[in-house]
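S.K.: Now for the letters of each chain:
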Amino acid sequence: MLYRENGQFKTSYAADQQIFPILQDRVAIGVLLAIAFVVVPMFGSDYLFRAILIPFLILALAALGLNILVGYCGQISLGTGAFMAVGAYAAYNFLVRIDGMPLIAAMLLGGLCATVIGVLFGIPSLRIKGLYLAVATLAAQFFTDWAFLRIGWFTNNSTSGSVSVAGLNVFGLPIESAVAKYLFCLAVVCVFALGAKNLVRSAIGRQWMAIRDMDVAAAVIGIRPMYAKLTAFAVSSFIVGVAGVLWAFVHLGAWEPAAFSIDRSFQLLFMVIIGGLGSIMGAFFGAAFIIVLPILLDQVPQWFGIPLSTATTSHLVHMIFGALIVFFLIVEPHGLARLWSIGKQKLRLWPFPH
Amino acid sequence: MKSRPFALAAALAAAGLAAPAAAQQANEQFFPLLVYRTGAYAPNGTPWANGKQDYVKYINATGGINGVKIAWEECETGYATDKGVECYERLKGKKSSLIDPQATGITFALTDKAPVDKIPLITLGYGLAASQDGGVFKWNFPLMGSYWTAADALIQHLGKKEGGLDKLKGKKIALVYHDSPFGKEPIPLLQKRAQMHGFELVLLPVTAPGVEQKATWLQVRQQRPDYTLLWGWGVMNSTALKEAVATGYPREKLFGVWWSGAEPDVKDVGANAKGYSALALNPHGTDSALIKDILKKVHDAGNGAGPRDEVGSVLYMRGLLIQMFATEAVRTAQAKFGAGKVMTGEQVRWGLENLNIDDKRIGELGLAGLIRPLKTTCTDHMGSTAVRLHTWDGSQWKMQADWYEADKAVIDPMVKEAADRYATEKQIKRRDPSDCNA
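Here the protein sequences line up with chains D and U, keeping their order.
Counting in full-length UniProt numbering, the first sequence runs from 1 upward without gaps.
Counting in full-length UniProt numbering, the second sequence runs from 1 upward without gaps.
By construction, these hints were calculated from the structure, which means they are not laboratory data.
Keep in mind that the hints are not guaranteed to be accurate.
Calculated cross-link-like contacts (lysine to aspartate or glutamate; reagent style EDC-like; alpha-carbon spacing at most 16 Å) [said to hold, decoys possible]: (1) U:K426 / D:D16; (2) U:K118 / D:E176; (3) D:K346 / D:D25; (4) U:K95 / D:E5.
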């Protein structure tokens, strides 16, 4: 009833090609952004920001980057944690070695370093595909783990191998309080999500999808597989690298290579699969499912005053969470984003389904 | 059908928003207990967590701290830094006045946050060695020892065995360590000692969590070090001991840090680990008056956190001791800011900085003769570096008699240098002497 597009006519190509062609969607997104930028900072608690929203935003950004590679270009990667680590350590080195390095510049340079490493480890994708490629990208994971643990230069010769940053600021504004950190992450995520959305709608995005759907056919119609695959690796690892910088600088503050272990790579891959392959929105759904849901589940017994021991609760969370993953993948193998779009489709016909 | 998952998610979210805050009385001192009872390190984390909980219950059973009851809530970290940060954020809002992060990685992450939130960190026997310097680390309290004092005590012990530190010249000492900040911390001190006494230091890292050590022990077999120091945690320790057995490396030449010297580490290896020694940061056993009282007032009342036969084990006692110092800090703070009142984080910090656990107090606590006096000051946040070693006789740990203290001439300049470096990196100023009297 409320959600239908009857009477919304497009009179120009620009209007027809906008990201949200339906007025209700545009309003909803506008309201969502207003809530995220204005209402939440006014009323959110420190806990909400630091423990839930900031990790959610940063890992959603990383999932977004990975989704470009896995969801749009069909190149399975298990090296996401490695590219995050490259971004984080590169940005750290730019920050401590160059006086007066602005945070944003360090972040982007960190992303660029991740791009270089990403493309380097993407080269095997020209010869190997699918699960074989996933195994090949594991090399990136092991290599960075080794490098950041063993080569003292990367950690500025920190004796413990743990590095930390302090006194972050953007254009003179300190990124110290929870709200400032949240707003900074939110702004970065919004910019990158918009950029990624437009990229996947452009010519290069269509090339990625053609390669994903059938690379031989794509090559026949004139798409260069090398160019398409390596650009997907480059864009993906750039975004992932920036997410790594945010994770290290803004969320943790002090970190060691374990923060970007293989577990992180798996976690992000699951986010992409559960959220929805080949969907920008899916990255956010996936991150919410994987990050926020276990934290909520963990606190459920306490809300209802059920006396459970810490260990039991923790085990229960793992079991319920695992069951939910199976449930969602059976109900909709294309992920939460697909469920969302089915829901929207039904709403457009409501209350008169065919 | 399709809408059901959303309904479920919505119900969960709604429950989250409507959830009542956990019941917490206004006149209770709140201690958040970060624990890990699951994951790779659970066998070690569980007795530690139970010890902490039992002491809180014991204090409450004996009338609280000058009448102030202790409220507590556990949060499972699984030894993961990001989960630990989440726990910290979750619990700090409930007027947390003191936190024991229970993991080196989490300590590193919280060291930046503590000064902002004004919550002191108590890192008994772990954390950042440089945080002994209260002039820079106003909110960190590595009571009783750091990895540097531990390494120093071990080298002194080896020197004593050889008949003098100068006899270590030309010897080869290997360090088998957990490849994480925890394992790397002692390296600077060992390097300094190696330089001073002329022994050769061989560094042998083991990737976390440490179940795969074949390559490491192959190197031990090749290099045949005169002594091997073990810097492991959790499953790494028993694996190392098994590998030492397989390699034929004499257990008498193997010395562990205090995190490598508890029951879970040697139990699987049993009689094969006989002769292995490790630092004993705390006493163990059930002979002390305190433990007898806890067994009576907590466990006999059916209130114990864990199994009864775990009481008195090494890690249980460590958890207990941590909570004991936390309680004493509140008590000390109450002496200045008002007995019978709930102390804020800042007041507890003052208490931690002015702890004076002398022999008389140790007797009152029921630990007579088992721990050394501990006195913290504004500049020294450690209070005491006294430590003993204990040796596994095949069925239980046997305490050795000698106490070791870290050599101030070696430790102090290193601590100062590291703290200064940290202060420069973080752009913080060393505390003014006037700040100490506040």
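S.K.: Out of the numbered hints, which ones does the structure contradict?
M.R.: Those not satisfied are hints 1, 4.
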